[in-house]
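Undergrad: Take a look at the letters that make up each chain.
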Amino acid sequence: MIIRRRNLLGVAVLVALVSGAGASWAADTQVAVAANFTDPAKEIATAFKAQTGHTASLTFGSSGEFYAQIAHGAPYEVFLSADADRPRKAEQDGLGVAGSRFTYAVGRLALYSTTPGLAVDGGAVLANGKFEKLAIADPAAAPYGAAAVQTMKKLGVYDRVRGRIVTGTSISQTYQFVQTGAAELGFVAWSQVITQAAGSRWLVPSREHDPIEQQAILLQAGARSPAAKAFLAFLKSPAAVAIIRKYGYEAR
Amino acid sequence: MAEVIWTTLRLAGVTTVLLLLVATPIAWWLARQRSWWKEVVTALTTLPIILPPSVLGFYLLIAIAPQSPLMGLLHPFGIRTLAFTFEGLVIGSMVYSLPFAVQPIRNAFEAMGARPMEVAATLRASPLDAFFTVAMPLARRGFLGAAVQVFAHTVGEFGVVLMIGGGVPGKTEVISVRMYRLVESLQYGDAHRLAAGVVVFSFAGLLAALLIERRADRKLR
Numbered sequence: 001m002i003i004r005r006r007n008l009l010g011v012a013v014l015v016a017l018v019s020g021a022g023a024s025w026a027a028d029t030q031v032a033v034a035a036n037f038t039d040p041a042k043e044i045a046t047a048f049k050a051q052t053g054h055t056a057s058l059t060f061g062s063s064g065e066f067y068a069q070i071a072h073g074a075p076y077e078v079f080l081s082a083d084a085d086r087p088r089k090a091e092q093d094g095l096g097v098a099g100s101r102f103t104y105a106v107g108r109l110a111l112y113s114t115t116p117g118l119a120v121d122g123g124a125v126l127a128n129g130k131f132e133k134l135a136i137a138d139p140a141a142a143p144y145g146a147a148a149v150q151t152m153k154k155l156g157v158y159d160r161v162r163g164r165i166v167t168g169t170s171i172s173q174t175y176q177f178v179q180t181g182a183a184e185l186g187f188v189a190w191s192q193v194i195t196q197a198a199g200s201r202w203l204v205p206s207r208e209h210d211p212i213e214q215q216a217i218l219l220q221a222g223a224r225s226p227a228a229k230a231f232l233a234f235l236k237s238p239a240a241v242a243i244i245r246k247y248g249y250e251a252r
Numbered sequence: 001m002a003e004v005i006w007t008t009l010r011l012a013g014v015t016t017v018l019l020l021l022v023a024t025p026i027a028w029w030l031a032r033q034r035s036w037w038k039e040v041v042t043a044l045t046t047l048p049i050i051l052p053p054s055v056l057g058f059y060l061l062i063a064i065a066p067q068s069p070l071m072g073l074l075h076p077f078g079i080r081t082l083a084f085t086f087e088g089l090v091i092g093s094m095v096y097s098l099p100f101a102v103q104p105i106r107n108a109f110e111a112m113g114a115r116p117m118e119v120a121a122t123l124r125a126s127p128l129d130a131f132f133t134v135a136m137p138l139a140r141r142g143f144l145g146a147a148v149q150v151f152a153h154t155v156g157e158f159g160v161v162l163m164i165g166g167g168v169p170g171k172t173e174v175i176s177v178r179m180y181r182l183v184e185s186l187q188y189g190d191a192h193r194l195a196a197g198v199v200v201f202s203f204a205g206l207l208a209a210l211l212i213e214r215r216a217d218r219k220l221r
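Protein chains in written order, with the working numbering: chain U, 1 to 252; chain C, 1 to 221.
So that you can see chain U by itself, here it is in the shape it has in the complex:
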């Protein structure tokens, strides 16, 4: 019995050494992904596994909730946020590894409606006011919401449409408000409507608002994880960038 236990210990030490050295050992990494990046993240994880053998276990949710969970000890190793503020704060607060933060995608804003001919180029509908409700994401919490407000201010229509704005807590909920027809118009993410053939949509020129930077950061739980580091490295690779662009984001 004692001998057997020693053997087990030996195996455990061996496993620890091998995985610690990070050689060709396939490992798993826990990644918290902002909900708006769900589809590209899944495709990237598949490509990541094919190339490195590592598995990225993805959890999707709101960036604000993730931040709160990470601050209270959630075991995520990588955080793909929907904005730059939360990763920056994670770095400042020591939750993230200093220097590991980078922009993995830049979101584009779109004005969208399920009604054909409503959300046309230039957003003329905002000025002529032929709608009842305009959905945007909460400007205090979601960068797409802040970008929507900036765009309307720049177009000089913000004060006119203000009373008709309804806010979704996330960009997904904002999209849902428009998709169900509850709001005729909405500022959503271009990535949400890129494959949408029905209705009408206007890709807002990026000069109308500050860039919607989505940043990634290595968290303390992943500081020693080769799989986590490999995932972040893969996120910058041409293969991942191609996937990110395909889904309607810009990437460098």
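Just so you know, not all the hints are guaranteed correct.
Sample of chain C residues facing chain U (criterion: CB under 7 Å; computed from the structure) [stated by the list, open to error]:
{"hint": "1", "residue": "Leu-61"}
{"hint": "2", "residue": "Gln-67"}
{"hint": "3", "residue": "Ala-83"}
{"hint": "4", "residue": "Gly-113"}
{"hint": "5", "residue": "Val-119"}
{"hint": "6", "residue": "Gly-167"}
{"hint": "7", "residue": "Arg-181"}
To be clear about the criterion: a stretch of chain U counts as covered by chain C if any three or more of its residues have a C-beta under 8 Å from a C-beta of chain C, and this derived list gives those stretches [said to hold, decoys possible]:
{"hint": "8", "stretch": "96-107"}
{"hint": "9", "stretch": "181-191"}
{"hint": "10", "stretch": "241-252"}
These are calculated hints, taken from the structure and not from any lab test.
Note that the Cβ used here is the ideal one computed from N, Cα and C, for glycine as well.
Keeping the supplied structure of chain U fixed, place chain C upon it in accordance with the hints.
TA: The following block gives chain C in isolation, referenced to the frame of chain U:
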């Protein structure tokens, strides 16, 4: 912050009053009906307990959006949509809290039995008269219980108001939604203040309701 609290209390108050009016005839009918298919109605009125608020909110959103056939009926009256309005929120809250109003009132009517109404009838009270002067006073604990539960349930609701409210300040932004947005935008200081306030207020409110019920109970004996 005061505006959000006021909207929440107004929503809970209006919902409670209207829902008691709607639930009373349903509860009465359920308490007196003998046929098997009353269970269909029971199941329907109990459904909101089982349905996740997100499911309920999703259907409600579709039902009160401009394209819905239901809203089509209201178009002649100048109402195109109830989504993102206070009125829409009241309707949503009423559906959501329906079981919490029907159950206690129905139980109270059932506990009363048929006898008091029969006695009232022999004394030549019309059924309506007997209902207001005999049945309702006898069932007052059921009404009180229903009112407390509906009010509390409406203050605490989150999923439904999130789906159909749209967080319009002064109209549809309630405490639970504001709380979520504060946490979401990392404003933890304000979140702490609001959360602590809600806990203290809710505890005080519940305690007050229980003490009132206790006193009413004593008087009854």
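Undergrad: Please go over all the hints and tell whether each is borne out by the structure.
TA: Now for the hints, and whether the structure bears them out:
The beta carbon of C/Leu-61 is positioned within 7 Å of a beta carbon in chain U (closest approach about 5 Å), and the interface hint is therefore held. Using the Cβ-Cβ criterion of 7 Å, the hint placing C/Gln-67 at the interface with chain U is satisfied: the shortest such distance is roughly 5 Å. Given hint, C/Ala-83 at the interface with chain U, holds; its Cβ is 4 Å from that chain's nearest Cβ, closer than 7 Å. Annotation: C/Gly-113 was flagged as interfacial toward chain U, and the flag is violated, the nearest CB pair being 47 Å apart, outside 7 Å.
At its closest, the beta carbon of C/Val-119 sits 52 Å from a beta carbon of chain U; the interface hint therefore is violated under the 7 Å criterion. Taken as an interface hint, C/Gly-167 checks out: its beta carbon lies about 5 Å from the nearest beta carbon of chain U, inside 7 Å. Taken as an interface hint, C/Arg-181 checks out: its beta carbon lies about 6 Å from the nearest beta carbon of chain U, inside 7 Å. Counting residues of the stretch 96-107 of chain U whose CB lies closer than 8 Å to any CB of chain C gives 0, so the stated coverage by that chain is violated, three being the minimum.
Beta-carbon proximity to chain C at under 8 Å applies to 4 residues in the stretch 181-191 of chain U; the threshold of 3 is reached and the given coverage holds. With 0 residues having a beta carbon nearer than 8 Å to a beta carbon of chain C, the stretch 241-252 of chain U misses the requirement of three or more and the stated coverage is violated.
When held up to the earlier numbered hints, the structure conflicts with 4, 5, 8, 10 and fits the remainder.
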